[in-house]
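Colleague: What follows is the residue order along each chain.
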Amino acid sequence: MNGDRKAEITLGGLTAAFVILIPVFLLGRSAGDIPPEHVPMDAVFNTPTTVRLSAAELIESEGDTSGMDCYSCHTEGAVPTLHKDANGLVAASTNHLDLVYARMNCAGCHKESEEVDLEWDDNDNLIIPPHHKQPPMRHGRFGRNNDCFNCHIPDKLNKVRTRHGEEFELKDSTQLCVSCHGTSYREWIQGVHGRLNGHWDRESGDFKRQDCTACHDPHSPAFAAVKPAPKPYRPHPNSASPGAEHP
Amino acid sequence: MSNSQESPARSSRRTFLAKSAAAASGLAAMAAALAPLRDLDDFTNVEEFLRKHYKELTPDELAQRLKIIEQKVKERHDVEAEVKALAPMDGVEFVYCLNLTRCIGCRKCVHACVKENNQSRSPEVQYITVLKMPQGTFDLEKGDTEYQPAAVPEDGSFYMPVQCHQCRNAPCVQVCPVEATWQEPDGITVVDYDWCIGCRYCVAACPYFARRFNWKQPSIPKEEINPDMSYLGNRPRPVGVVEKCHFCIQRTRTGRYPACMEVCPTGSRKFGNILDPESEVSHILREKRVFVLKEEAGTQPRFYYYFDI
Chain S
1 MNGDRKAEIT LGGLTAAFVI LIPVFLLGRS AGDIPPEHVP MDAVFNTPTT VRLSAAELIE
61 SEGDTSGMDC YSCHTEGAVP TLHKDANGLV AASTNHLDLV YARMNCAGCH KESEEVDLEW
121 DDNDNLIIPP HHKQPPMRHG RFGRNNDCFN CHIPDKLNKV RTRHGEEFEL KDSTQLCVSC
181 HGTSYREWIQ GVHGRLNGHW DRESGDFKRQ DCTACHDPHS PAFAAVKPAP KPYRPHPNSA
241 SPGAEHP
Chain D
1001 MSNSQESPAR SSRRTFLAKS AAAASGLAAM AAALAPLRDL DDFTNVEEFL RKHYKELTPD
1061 ELAQRLKIIE QKVKERHDVE AEVKALAPMD GVEFVYCLNL TRCIGCRKCV HACVKENNQS
1121 RSPEVQYITV LKMPQGTFDL EKGDTEYQPA AVPEDGSFYM PVQCHQCRNA PCVQVCPVEA
1181 TWQEPDGITV VDYDWCIGCR YCVAACPYFA RRFNWKQPSI PKEEINPDMS YLGNRPRPVG
1241 VVEKCHFCIQ RTRTGRYPAC MEVCPTGSRK FGNILDPESE VSHILREKRV FVLKEEAGTQ
1301 PRFYYYFDI
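Chains S and D, in that order, give the protein sequences. Note that the numbering used here numbers the first sequence so that position 166 is 166, with each residue one more than the last. Residues are numbered in the numbering used here as their position in the second sequence, beginning at 1, plus a constant of 1000.
These aren't lab readings, by the way, just hints derived from the structure by calculation. It is possible that some hints are incorrect.
[Unchecked claim] Calculated from the model, a selection of chain D residues having no Cβ within reach of chain S, i.e. all distances over 10 angstroms:
1) Q1064
2) R1065
3) I1068
4) P1185
5) L1293
[Unchecked claim] DSS-like mimics (lysine-lysine), calculated; alpha carbons at most 30 angstroms apart, straight line:
6) D:K1067 x D:K1288
7) S:K227 x D:K1222
8) D:K1055 x D:K1067
9) S:K171 x S:K133
10) S:K227 x S:K111
11) S:K208 x D:K1084
12) D:K1072 x D:K1055
13) S:K159 x S:K208
14) S:K227 x D:K1142
15) D:K1222 x D:K1072
16) D:K1222 x S:K111
17) D:K1052 x D:K1019
18) S:K159 x S:K171
19) S:K231 x D:K1222
20) D:K1216 x D:K1052
21) S:K227 x S:K133
22) D:K1072 x D:K1216
23) D:K1067 x D:K1216
24) D:K1055 x S:K6
25) D:K1288 x S:K208
26) D:K1074 x D:K1294
27) S:K231 x D:K1067
28) S:K231 x D:K1142
29) S:K84 x S:K133
30) S:K84 x S:K171
31) D:K1055 x D:K1074
32) S:K231 x D:K1216
33) S:K159 x S:K133
34) D:K1288 x D:K1142
35) S:K208 x S:K111
No residue lacks a Cβ here, since even glycine has one placed at the ideal position from N, Cα and C.
Required output: the full structure, derived from the provided sequences and hints.
Modeller: As structure tokens, this is what we get:
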């Protein structure tokens, strides 16, 4: 009799517990299933465009080539005067900025519909972001190749010249670069230096080699630092990674 | 005798009630335990259940399977996709080379890969991990995956992207109990997402942390889906299966470069056919001092790193 009573109490208790748990389980499932945060992907980080346009690409894309018309400002035949800054480095005139901007490939860094915040200084002058300024002449280490007329021709500004005297149009500047950078040129021809786009199987389709100036600014050829794409989103911080913290 | 006759009659009402209550709660508990089945919208049918392994499918059966997958993509994502099953090309073995001197750690490859290969955006699945390494060591324990400075590269560091190395002696293939992952003749280790049982042995076996498991149903915004799909490649994956880099099989088997290579702004990444002596990768393997990651693991990767200006 005592045993039956105990069994009844146990069964009754279990029944009550189940009955209470059923709605908790059924409702709890749908309420607890919150999807994790969606991290939208920025199109800038997966576009295969280069950050610059080579002169050839600029002409091909029917971009603003007015900056390449040297004699709209300079007098033909006259040798322009070079200005040097306090450190004795050649400082290019800010009048060349139009050309600098024309050679920038906006899609390489900005989204198509991106709104850019402009900043102004105390005198109401637009503050130009560092990436948009013409970099100071920094070709070669120790400032050994910072003279404009190592490559440009003083009395033929719309052409460039190798140290052996061979002359090229601005759009063919790759031939000028390779007159010094033989190793890079050989590897570029092989496809090992620089970026290739298109087809690895040359029979299936064409491929594109970039001109030197599509990636390097000839006046400051070192690759400019860029903003990295976002780090991986982790629902839990990765304790193995040094300095790791949840975003 | 009378006692024994009385006793079941007396206790029958009580036991009946207790047993009914127990049975009712038991049934309710079972119903609650089976509740997740309510969410199972693509329950497998007999035809699906009795399907053959990818390698045993006849061309007709394969075409039929591709149609089914296209339908499923349409139902799940509302996208008209073309799912292909491209065969490996003759005389082709793919190899990847990566110049660590040139890599600036911008992670563009990671995101181009996500876009091309329809990886889940939420939760995030990424095939490429970029390690920021302090100069002077190859201790992977010191690699930082969480770096987020204003600009890269940072002084004193080099960057090492790691993805599937498409090993010739692949531990992931050896441990798979159901042969859901195998090596194709062109060197790509592929996964059949319909055959994978989600045991994650391969994830544990891979020394390069290259395999990813879909812990949740992958979600991709409709407008971000790449409709150019491949059976063994970038078709949308179900929950509970393993996926990994497949050298953009849907691109490379049609002769194109992989997405991560095309997007690299510095040209650090090189891809091609090692059996073609004129290819970029052949040139690199001949001329540069290449090395493989974790050589001591004996995996013989098809992914080579090198330092070179």
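Colleague: So, for every hint listed, does it hold in this structure?
Modeller: A quick look at each hint next to the structure:
Look at Q1064 (chain D): its CB is around 28 angstroms from the nearest CB on chain S, clear of 10 angstroms, so calling it non-interface holds up. The claim that R1065 (chain D) lies off the interface holds: its Cβ sits roughly 26 angstroms from the closest Cβ of chain S, which is beyond the 10 angstroms cut-off. Residue placement check: I1068 (chain D) keeps its beta carbon more than 10 angstroms from all beta carbons of chain S (closest about 27 angstroms). P1185 (chain D), annotated as away from the interface, keeps every beta carbon of chain S farther than 10 angstroms; the closest lies near 16 angstroms.
Here L1293 (chain D) stays apart from chain S, with its beta-carbon at least about 17 angstroms from theirs, past the 10 angstroms limit. A distance of roughly 46 angstroms separates the Cα atoms of K1067 (chain D) and K1288 (chain D); the hinted pair therefore is violated under the 30 angstroms criterion. Pair hint K227 (chain S) plus K1222 (chain D) holds up; C-alpha atoms about 28 angstroms apart against a cutoff of 30 angstroms. Only pairs whose Cα atoms come within 30 angstroms are accepted, and K1055 (chain D) paired with K1067 (chain D) is accepted, the gap being roughly 17 angstroms.
Of the pairs offered as hints, the one joining K171 (chain S) and K133 (chain S) holds, with about 22 angstroms between alpha carbons and a cut-off of 30 angstroms not exceeded. A hinted pair counts as satisfied when its Cα atoms are at most 30 angstroms apart, and K227 (chain S) with K111 (chain S) qualifies at roughly 14 angstroms. Between K208 (chain S) and K1084 (chain D), the direct Cα distance comes to roughly 26 angstroms. Compliance with the 30 angstroms bound is thereby established for this hinted pair. Of the supplied pair hints, the one linking K1072 (chain D) and K1055 (chain D) holds, its CA atoms being roughly 21 angstroms apart against a limit of 30 angstroms.
For the proposed pair K159 (chain S) and K208 (chain S), the alpha carbon gap of about 25 angstroms is at most 30 angstroms, so the pair holds. The suggested pairing of K227 (chain S) with K1142 (chain D) holds, with an alpha-carbon distance near 22 angstroms, which does not exceed 30 angstroms. This hinted pair checks out: K1222 (chain D) and K1072 (chain D) have alpha carbons roughly 14 angstroms apart, not beyond 30 angstroms. The straight-line distance between the Cα atoms of K1222 (chain D) and K111 (chain S) is roughly 20 angstroms, inside the 30 angstroms bound, and the hint therefore holds.
Taken as a hint, the K1052 (chain D) and K1019 (chain D) pair is broken in the structure, with Cα atoms around 47 angstroms apart against an allowance of 30 angstroms. Of the pairs offered as hints, the one joining K159 (chain S) and K171 (chain S) holds, with about 9 angstroms between alpha carbons and a cut-off of 30 angstroms not exceeded. Between the alpha carbons of K231 (chain S) and K1222 (chain D) the distance comes to roughly 23 angstroms, so the proposed pair stays at or under 30 angstroms and holds. Annotation: proposed proximity of K1216 (chain D) to K1052 (chain D) holds, straight-line Cα distance about 26 angstroms (limit 30 angstroms).
A hinted pair counts as satisfied when its Cα atoms are at most 30 angstroms apart, and K227 (chain S) with K133 (chain S) qualifies at roughly 17 angstroms. As the CA atoms of K1072 (chain D) and K1216 (chain D) are separated by approximately 18 angstroms, the hinted pair is consistent with the 30 angstroms bound. A distance of roughly 25 angstroms separates the Cα atoms of K1067 (chain D) and K1216 (chain D); the hinted pair therefore holds under the 30 angstroms criterion. Proximity of K1055 (chain D) to K6 (chain S) is assessed by CA-CA distance (about 62 angstroms); at most 30 angstroms being required, the pair is judged violated.
Simply put, K1288 (chain D) and K208 (chain S) have alpha-carbon atoms about 23 angstroms apart, close enough for the 30 angstroms limit, and the pair holds. Restraint check for K1074 (chain D) and K1294 (chain D): not satisfied, since their Cα atoms lie roughly 42 angstroms apart, outside the 30 angstroms limit. Of the supplied pair hints, the one linking K231 (chain S) and K1067 (chain D) is violated, its CA atoms being roughly 37 angstroms apart against a limit of 30 angstroms. A C-alpha spacing of about 17 angstroms is found between K231 (chain S) and K1142 (chain D), which places the hinted pair at or below 30 angstroms, so the restraint holds.
For the hint pairing K84 (chain S) with K133 (chain S), the CA-to-CA distance comes to about 17 angstroms; that is within 30 angstroms, so the pair holds. The straight-line distance between the Cα atoms of K84 (chain S) and K171 (chain S) is roughly 27 angstroms, inside the 30 angstroms bound, and the hint therefore holds. A threshold of 30 angstroms between alpha carbons decides the hint, and for K1055 (chain D) with K1074 (chain D) the separation of about 25 angstroms falls inside it, so the pair holds. Note on K231 (chain S) and K1216 (chain D): the hinted pairing holds, with a Cα-Cα distance of about 20 angstroms set against a maximum of 30 angstroms.
Of the pairs offered as hints, the one joining K159 (chain S) and K133 (chain S) holds, with about 24 angstroms between alpha carbons and a cut-off of 30 angstroms not exceeded. Taken as a hint, the K1288 (chain D) and K1142 (chain D) pair is honoured in the structure, with Cα atoms around 26 angstroms apart against an allowance of 30 angstroms. Between K208 (chain S) and K111 (chain S) the CA atoms are separated by roughly 24 angstroms; this keeps the pair inside 30 angstroms, and the hint holds.
Going down the numbered hints, you'll see the structure goes against 6, 17, 24, 26 and 27, while the others check out.
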